[in-house]
Amino acid sequence: GAVVSQHPSRVICKSGTSVKIECRSLDFQATTMFWYRQFPKQSLMLMATSNEGSKATYEQGVEKDKFLINHASLTLSTLTVTSAHPEDSSFYICSARARTGLNYGYTFGSGTRLTVV
Amino acid sequence: DAKTTQPNSMESNEEEPVHLPCNHSTISGTDYIHWYRQLPSQGPEYVIHGLTSNVNNRMASLAIAEDRKSSTLILHRATLRDAAVYYCILSRGTGNQFYFGTGTSLTVIP
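Chains as they are written, first to last, in my numbering: chain A, 5 to 121; chain B, 4 to 113.
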């Protein structure tokens with residue numbers, strides 16, 4: 005089945021630094037990937053839709069200059085949290101849309117726990 | 004986007020069937036109904052999806068009301084490993100974004 009690998013699984017960074025999170029589709033090509041953020045005991049919140057070779061589409065209220073998304077190939081999308089602050093500490097999850105037979109499914113990565121100190 | 008409503012939490016005894024309801028009264032004709040589940044500190048895992056007809060797979064069954072305004076995820080025999088938050092999500096056509104609701108936290112009692 006379709007597998008999405010997310011790296012790193014955990015990262016601790018100092019306030020003011022930038023952190024890059026990678027999302028790879030291992031056995032399929034993903035023209036569209038999605039990035040979510042999840043705070044403790046809350047649901048997933050869609051941040052942006054990442055399309056290969058074009059600019060990402062951000063959800064309302066998500067700062068595109070703070071959360072830089074690059075989808076340069078059909079198997080890799082990256083999310084860079086720039087000038088991170090403690091309030092950016094969260095669980096970040098990516099997902100990719102994969103074709104399975106006649107249907108499309110959504111496969112999620114295992115998430116990245118970001119802690120900003 | 005059409006919204007879904009689920010109970011915040013449910014409990015089930017181990018090895019008994021579980022029926023997880025979801026209301027989606029504003030569903031449109033092209034909206035697919037998806038169910039995912041999430042274990043703590045993990046990404047969501049696909050469970051099942053459907054459009055109009057009931058669906059079965061090795062994990063669960065999906066019963067969709069005739070008017071499509073509600074659906075029920077059925078776990079035939081709950082195990083401790085089924086304890087998770089279950090999300091019912093609508094997506095329009097294929098390839099559209101998922102907007103997660105609050106989900107149902109399922110507790111399985113040994």
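Hints in this document: simulated from the structure, not taken from any laboratory.
Hints should not be assumed to be uniformly reliable.
Straight-line C-alpha distance at most 20 angstroms; calculated SDA-like pairs for lysine to any residue [to be verified]: (1) K6(B) / K59(A); (2) K45(A) / S108(B); (3) K6(B) / Q64(A); (4) K45(A) / P43(B); (5) K45(A) / T110(B); (6) K59(A) / S12(B); (7) K6(B) / Q46(A); (8) K45(A) / S56(B); (9) K70(A) / S108(B); (10) K45(A) / F101(B); (11) K59(A) / A86(B); (12) K59(A) / N99(B); (13) K45(A) / N99(B); (14) K45(A) / Y102(B); (15) K6(B) / S47(A).
Some but not every residue of chain B turned toward chain A, in silico, with C-beta under 7 angstroms [claimed, not checked]: (16) P43; (17) Q45; (18) G46; (19) Q100; (20) F103; (21) T105; (22) G106.
In this text, a Cβ means the ideal position worked out from N, Cα and C, and glycines have one as well.
**Study point:** List of violated hint numbers, smallest to largest
**Key:** 1, 6, 8, 9, 11, 13 and 16
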